[in-house]
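J.: Take a look at the letters that make up each chain.
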Amino acid sequence: QKEVEQDPGPLSVPEGAIVSLNCTYSNSAFQYFMWYRQYSRKGPELLMYTYSSGNKEDGRFTAQVDKSSKYISLFIRDSQPSDSATYLCAGRDTGRRALTFGSGTRLQVQP
Amino acid sequence: EPEVTQTPSHQVTQMGQEVILRCVPISNHLYFYWYRQILGQKVEFLVSFYNNEISEKSEIFDDQFSVERPDGSNFTLKIRSTKLEDSAMYFCASSDENSGGFGELFFGEGSRLTVL
Numbered sequence: 001q002k003e004v005e006q007d008p009g010p011l012s013v014p015e016g017a018i019v020s021l022n023c024t025y026s027n028s029a030f031q032y033f034m035w036y037r038q039y040s041r042k043g044p045e046l047l048m049y050t051y052s053s054g055n056k057e058d059g060r061f062t063a064q065v066d067k068s069s070k071y072i073s074l075f076i077r078d079s080q081p082s083d084s085a086t087y088l089c090a091g092r093d094t095g096r097r098a099l100t101f102g103s104g105t106r107l108q109v110q111p
Numbered sequence: 001e002p003e004v005t006q007t008p009s010h011q012v013t014q015m016g017q018e019v020i021l022r023c024v025p026i027s028n029h030l031y032f033y034w035y036r037q038i039l040g041q042k043v044e045f046l047v048s049f050y051n052n053e054i055s056e057k058s059e060i061f062d063d064q065f066s067v068e069r070p071d072g073s074n075f076t077l078k079i080r081s082t083k084l085e086d087s088a089m090y091f092c093a094s095s096d097e098n099s100g101g102f103g104e105l106f107f108g109e110g111s112r113l114t115v116l
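Taken in order, these protein sequences are the chains called A and B.
Here the working numbering is used: the first residue of the first sequence is 1, the next is one more, and so on.
Here the working numbering is used: the first residue of the second sequence is 1, the next is one more, and so on.
Please note that the accuracy of each hint is not assured.
[Said to hold, decoys possible] Taking lysine-lysine pairs in the DSS-like style, the calculated list, with each CA pair at most 30 Å apart, reads:
no., chain 1, residue 1, chain 2, residue 2
1, B, K78, B, K42
2, A, K56, A, K70
3, A, K70, B, K78
4, A, K42, B, K78
5, B, K78, B, K57
6, A, K42, A, K70
7, A, K67, B, K83
8, A, K56, A, K42
9, A, K42, B, K83
10, B, K42, A, K70
11, B, K78, A, K56
12, B, K83, B, K42
13, B, K42, B, K57
14, B, K57, B, K83
15, A, K67, A, K56
16, A, K67, B, K78
17, A, K42, B, K42
18, B, K57, A, K42
In short, the hints are calculated from the structure, not lab data.
Okay, chain B solo, but in the shape it has when bound (with noise of 0.2 Å):
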């Protein structure tokens, strides 16, 4: 059964570094998007890609965060200056969705982020 694949399933990091999280999505699908998890709350949305472009973002989503699809099977989230309180587990996902349905979401396993 096709999956959603992450990597890596948990990084450690200092504050202030640079940390890319890598996605590979399910190979026909349209839409990727990136979740976060903080630790004991809600998953939260951050962004939707589709076309090579960012579709939809949150407030969280703001200039220290950038997505990639650096080639045709990966999707990339990077944290430019990490700061304690990106400490989460992140959540990529695809889906197949065509305009005007609903595209079930697929989720990976998650990449947990620990910022020190």
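Isolated chain A (complex conformation) (with noise of 0.2 Å):
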């Protein structure tokens, strides 16, 4: 059984339009889950991380975990062509230093 399943997309959106990103999980021993954004050829980049169930907002971004269900989202608001790119979660155990990603859902947001 896979830890993390995510849908590969292609997610395509207009500018301006609300996204939703979403996982599940696998592995009840998550305490950490975080949303890395990578560009073409280039390296995650951590946009968010979320503490166990609950939700957690940062400019037009917001995390929402769902522990009971192992369930991981990720919402754009106002979404631009820059946020174009792959999306990756990730979720991690207290007690190891290994992050456990998702395959990534690659977002298309069209001016």
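Put the two chains together into one complex; each comes in its own frame, and the hints tell you how they fit.
T.: Spelled out as structure tokens, the structure:
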């Protein structure tokens, strides 16, 4: 069973749309949940992280974690063409250093 | 802004050859990592390194792989005898994580390894 699953997309939306990106995970030990953005031929860049269940907002980005359903979401408001990238979700448990990534969702925001 | 730097950006090698990928982590960071991403696949954890020793490794990180911090600034990944399936983008990362806390991983831009 894959530990973190993510729809690969591509997801194409018009500029200004609200984007919803989602992941499911299977490892109950995960306590930290992260969203990374990866532009083509670049390394992943951390967007947001949350600890345990709950919501976290940072500007146009909102991350949600529901540990009861093992579901992770990232919402992007007022999407911009510069948001076009691959979005990776990841989980980590407190006893380990390793991040377990999803396969990434490619987002295209059309101007 | 501090950043993780990696060299080379692209290396082509013959199967069976040894390869060393180099990284300069952010200077005040304590943890160092290697991840890899085979084309079209997930970013996968290889190894973490703290206090001059491996703190964690994945099943991918077998005896063909080794890591070293040869001086105060560099962190290297060595693949002793490359195989075709080692072709991937290798990312170095570092973090300043303290015990019990979350430390953001800062990734380099990657070293693309092509094994022929």
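J.: Each hint: holds or not?
T.: Cross-check of the supplied hints:
{"no.": "1", "hint": "B/K78 <-> B/K42", "in the structure": "holds, 21 Å"}
{"no.": "2", "hint": "A/K56 <-> A/K70", "in the structure": "holds, 17 Å"}
{"no.": "3", "hint": "A/K70 <-> B/K78", "in the structure": "violated, 37 Å"}
{"no.": "4", "hint": "A/K42 <-> B/K78", "in the structure": "holds, 22 Å"}
{"no.": "5", "hint": "B/K78 <-> B/K57", "in the structure": "holds, 14 Å"}
{"no.": "6", "hint": "A/K42 <-> A/K70", "in the structure": "holds, 29 Å"}
{"no.": "7", "hint": "A/K67 <-> B/K83", "in the structure": "violated, 39 Å"}
{"no.": "8", "hint": "A/K56 <-> A/K42", "in the structure": "holds, 26 Å"}
{"no.": "9", "hint": "A/K42 <-> B/K83", "in the structure": "holds, 24 Å"}
{"no.": "10", "hint": "B/K42 <-> A/K70", "in the structure": "holds, 19 Å"}
{"no.": "11", "hint": "B/K78 <-> A/K56", "in the structure": "violated, 39 Å"}
{"no.": "12", "hint": "B/K83 <-> B/K42", "in the structure": "holds, 19 Å"}
{"no.": "13", "hint": "B/K42 <-> B/K57", "in the structure": "holds, 17 Å"}
{"no.": "14", "hint": "B/K57 <-> B/K83", "in the structure": "holds, 20 Å"}
{"no.": "15", "hint": "A/K67 <-> A/K56", "in the structure": "holds, 14 Å"}
{"no.": "16", "hint": "A/K67 <-> B/K78", "in the structure": "violated, 38 Å"}
{"no.": "17", "hint": "A/K42 <-> B/K42", "in the structure": "holds, 14 Å"}
{"no.": "18", "hint": "B/K57 <-> A/K42", "in the structure": "holds, 23 Å"}
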